[in-house]
Amino acid sequence: MNNIFVYCEVTEECVIADVSLELLSKARKLADELNCQVEAIVVGNEVKVDLEATLYPYGVDIINYAKDERLFPYTTLPHFSIVTKLLKEKEAQICLFGATCVGRDLAPRVSSFLKCGLTADCTSLEIGEHEDKKAGKVYEKLLYQIRPAFGGNIIATIVNPETRPQMATVREGVMKKEIYNANHKGQLEMVNVNNYVTESDFCVKVLSREIEEQKINIKGAQIVVIGGYGMAGGKDGFKLIHELADVLGGEVGATRAAVDAGMTEHERQVGQTGVTIRPKLCIACGVSGAVQHRAGMEQSSKIISINTDSNAPINAIADYTIIGDAFEIIPQLIKHYKNNTK
Amino acid sequence: MSLKIVVLAKQVPDTRNVGKDAMTEEGTVNRAALPAIFNPEDLNALEMALHIKDTVPQTEVYVLTMGPVRAGEIIRQSLYRGADGGYVISDRKVAGSDTLATSYTISQGVKKLGKVDLVLAGRQAIDGDTAQVGPQTAEKLEMPQITYAEEVLYVDDKKIRIKRRLERGVEEVECAYPCMVTVGSSAPECRYAIAKQVMKYKNAMTEAEAAEMNLDCTEMFAKKPYLKIGLWNAADIEAEDSRLGLSGSPTKVKKIENVVLTAKESVNVEATEEGLDNLVKELIASHIIG
Numbered sequence: 513m514n515n516i517f518v519y520c521e522v523t524e525e526c527v528i529a530d531v532s533l534e535l536l537s538k539a540r541k542l543a544d545e546l547n548c549q550v551e552a553i554v555v556g557n558e559v560k561v562d563l564e565a566t567l568y569p570y571g572v573d574i575i576n577y578a579k580d581e582r583l584f585p586y587t588t589l590p591h592f593s594i595v596t597k598l599l600k601e602k603e604a605q606i607c608l609f610g611a612t613c614v615g616r617d618l619a620p621r622v623s624s625f626l627k628c629g630l631t632a633d634c635t636s637l638e639i640g641e642h643e644d645k646k647a648g649k650v651y652e653k654l655l656y657q658i659r660p661a662f663g664g665n666i667i668a669t670i671v672n673p674e675t676r677p678q679m680a681t682v683r684e685g686v687m688k689k690e691i692y693n694a695n696h697k698g699q700l701e702m703v704n705v706n707n708y709v710t711e712s713d714f715c716v717k718v719l720s721r722e723i724e725e726q727k728i729n730i731k732g733a734q735i736v737v738i739g740g741y742g743m744a745g746g747k748d749g750f751k752l753i754h755e756l757a758d759v760l761g762g763e764v765g766a767t768r769a770a771v772d773a774g775m776t777e778h779e780r781q782v783g784q785t786g787v788t789i790r791p792k793l794c795i796a797c798g799v800s801g802a803v804q805h806r807a808g809m810e811q812s813s814k815i816i817s818i819n820t821d822s823n824a825p826i827n828a829i830a831d832y833t834i835i836g837d838a839f840e841i842i843p844q845l846i847k848h849y850k851n852n853t854k
Numbered sequence: 003m004s005l006k007i008v009v010l011a012k013q014v015p016d017t018r019n020v021g022k023d024a025m026t027e028e029g030t031v032n033r034a035a036l037p038a039i040f041n042p043e044d045l046n047a048l049e050m051a052l053h054i055k056d057t058v059p060q061t062e063v064y065v066l067t068m069g070p071v072r073a074g075e076i077i078r079q080s081l082y083r084g085a086d087g088g089y090v091i092s093d094r095k096v097a098g099s100d101t102l103a104t105s106y107t108i109s110q111g112v113k114k115l116g117k118v119d120l121v122l123a124g125r126q127a128i129d130g131d132t133a134q135v136g137p138q139t140a141e142k143l144e145m146p147q148i149t150y151a152e153e154v155l156y157v158d159d160k161k162i163r164i165k166r167r168l169e170r171g172v173e174e175v176e177c178a179y180p181c182m183v184t185v186g187s188s189a190p191e192c193r194y195a196i197a198k199q200v201m202k203y204k205n206a207m208t209e210a211e212a213a214e215m216n217l218d219c220t221e222m223f224a225k226k227p228y229l230k231i232g233l234w235n236a237a238d239i240e241a242e243d244s245r246l247g248l249s250g251s252p253t254k255v256k257k258i259e260n261v262v263l264t265a266k267e268s269v270n271v272e273a274t275e276e277g278l279d280n281l282v283k284e285l286i287a288s289h290i291i292g
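Keeping their order, the protein sequence lines are chains Y and B. For the first sequence, my numbering gives the first residue as 513, with consecutive numbering after it. For the second sequence, my numbering gives the first residue as 3, with consecutive numbering after it.
In short, the hints are calculated from the structure, not lab data. The structure displayed is predicted, hence computed values, not measured ones. Be aware that one or more of the hints could be misleading.
Below, a sample of chain B positions facing chain Y; criterion: calculated Cβ distance under 10 Å [to be verified]:
| hint | residue |
| --- | --- |
| 1 | Leu102 |
| 2 | Leu155 |
| 3 | Asn270 |
| 4 | Leu281 |
| 5 | Lys283 |
| 6 | Glu284 |
Covered, in the sense of this in silico footprint (three residues per stretch, anywhere, with C-beta under 8 Å from a C-beta of chain Y), are these stretches of chain B [unchecked claim]:
| hint | region |
| --- | --- |
| 7 | 161–173 |
| 8 | 248–255 |
Note that CB positions come from ideal geometry on N, CA and C, so glycine has one too.
Construct the complete structure from the given sequences, taking the supplied hints into account.
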């Protein structure tokens, strides 16, 4: 009762998704503050890793494992039936989902059925109290679901005072994956799938799937060069970004504005609705620095901003600012880098 | 052979074109400075519905929106492009709705339309990006859901086959009616307004719009009933007040902070040969690059 649950997503490769491990790390910290347990929900068929050895070190106390060949690949209704019934039976206090295709399909349906509040794409989760002055009520230890809102000019803290579980989705990379205790042990509870799903849950048939290998991995890169909408002015703006990234041995990232303008692939989007990165070095070229974007890169160890606008918000979080035209400065940086590393 | 399709659409502030005057001096959103547009992915959904209408004979497409009086524009835009009709849910009681309260309101509206085979909606709206209302509405209508649709691969009067766009690929799924489909931006763009439809529907409006313009449309509506855009309040859709608006929203905004940038100590690098060379040397010396 009153535990924190994390829906642990089984990836295409039949392992547990990184985002789920990140959420478990966060859930453990929240659970220690709330003095409750962390429970994982795994719904799928075979997994290629030792589930217990994988999950316990992140601080998981109970693994709820629903295993059935009909549960992979993911379809909404059977996963929905299992998750809602488990959360209800166990009177969950909090439930977290990765903001992936699966999580964003599943979590809202679950919240609708349980008539619970759900906050999408949180960038921070904390525990704190809340006073409802109108009702004269004080709520202890609620989950603060924190996210940028409306154009990114404001940061909103959302609470669900009355409904349980308190639900949130979080993008991959936002929380930090951290081993809690390598020797931590919990218990495995197998879910009797037939008690949870009905035949009609399988009405959506998956006829075929074509899944590609992950090609772009900006999350793991030590150096990321980000191109913003400011690179739209010149011809082949992103070619320069790629050149700089290649020379430095880094990856290319982009702002949403650049992605929406069709300048590069969506997989490269850094920010609240994209990827969160923590590289050693982040070079932001022609990036103004909307809060949603900054949320995805401000934890970089060093940030260099190249911008014609000395008042661009990005400059405020940069360690180095270069005021000037990125189209002129990038080739110079490449030249100086080559000269100094000969 | 006929299908009844409802497309859910939202009028949104155009957050993609945020200009300098989008924020007031106090740091609040200046809604007046943001043009109100048809949520882009809802247009993809409308196109999918019209494509199905082209494929399955006698299919009817209705558009449902929730919002202030001016949201009637969404319905007109839809009629111009080929929809058969539309409804606006407008009521003070729905103000301040979170996604759960919104999906309840919308689902009550869909129920009011009787037997519906297919509900289509954009994957998400650009003013919130939550992608929650689609699946939540599907749950309330007890329909299976197919999210992130990109293409209709096959459709007849019994079932639909959809190509879904996922993070790393595509998936083909099939489902019998009724079902709900959310459509992503990779789906075909919506067709343009058709001149004949524009001529036919340019005076279409809700009674609330007529009242705002001090027009007496009784005669026009009586003569040409298709010009009257449906307008529903909470009572019309038999909604329970406790599930609407702020009281029906389990999420509460505890705090809103303007983003205050606490500036880091940042080094200004001169954009000169010397300045850039020194920067590169410093980064190499501290093993950040190289």
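Hints, one by one, checked against the model:
1. Leu102: Because about 6 Å separates leucine 102 of chain B from the closest Cβ in chain Y, which is inside the 10 Å limit, the hint holds.
2. Leu155: holds, 9 Å
3. Asn270: holds, 6 Å
4. Leu281: holds, 6 Å
5. Lys283: holds, 6 Å
6. Glu284: holds, 9 Å
7. 161–173: holds (count 7)
8. 248–255: n = 5 at 8 Å, threshold three: holds.
Hint compliance for this structure: every hint is met.
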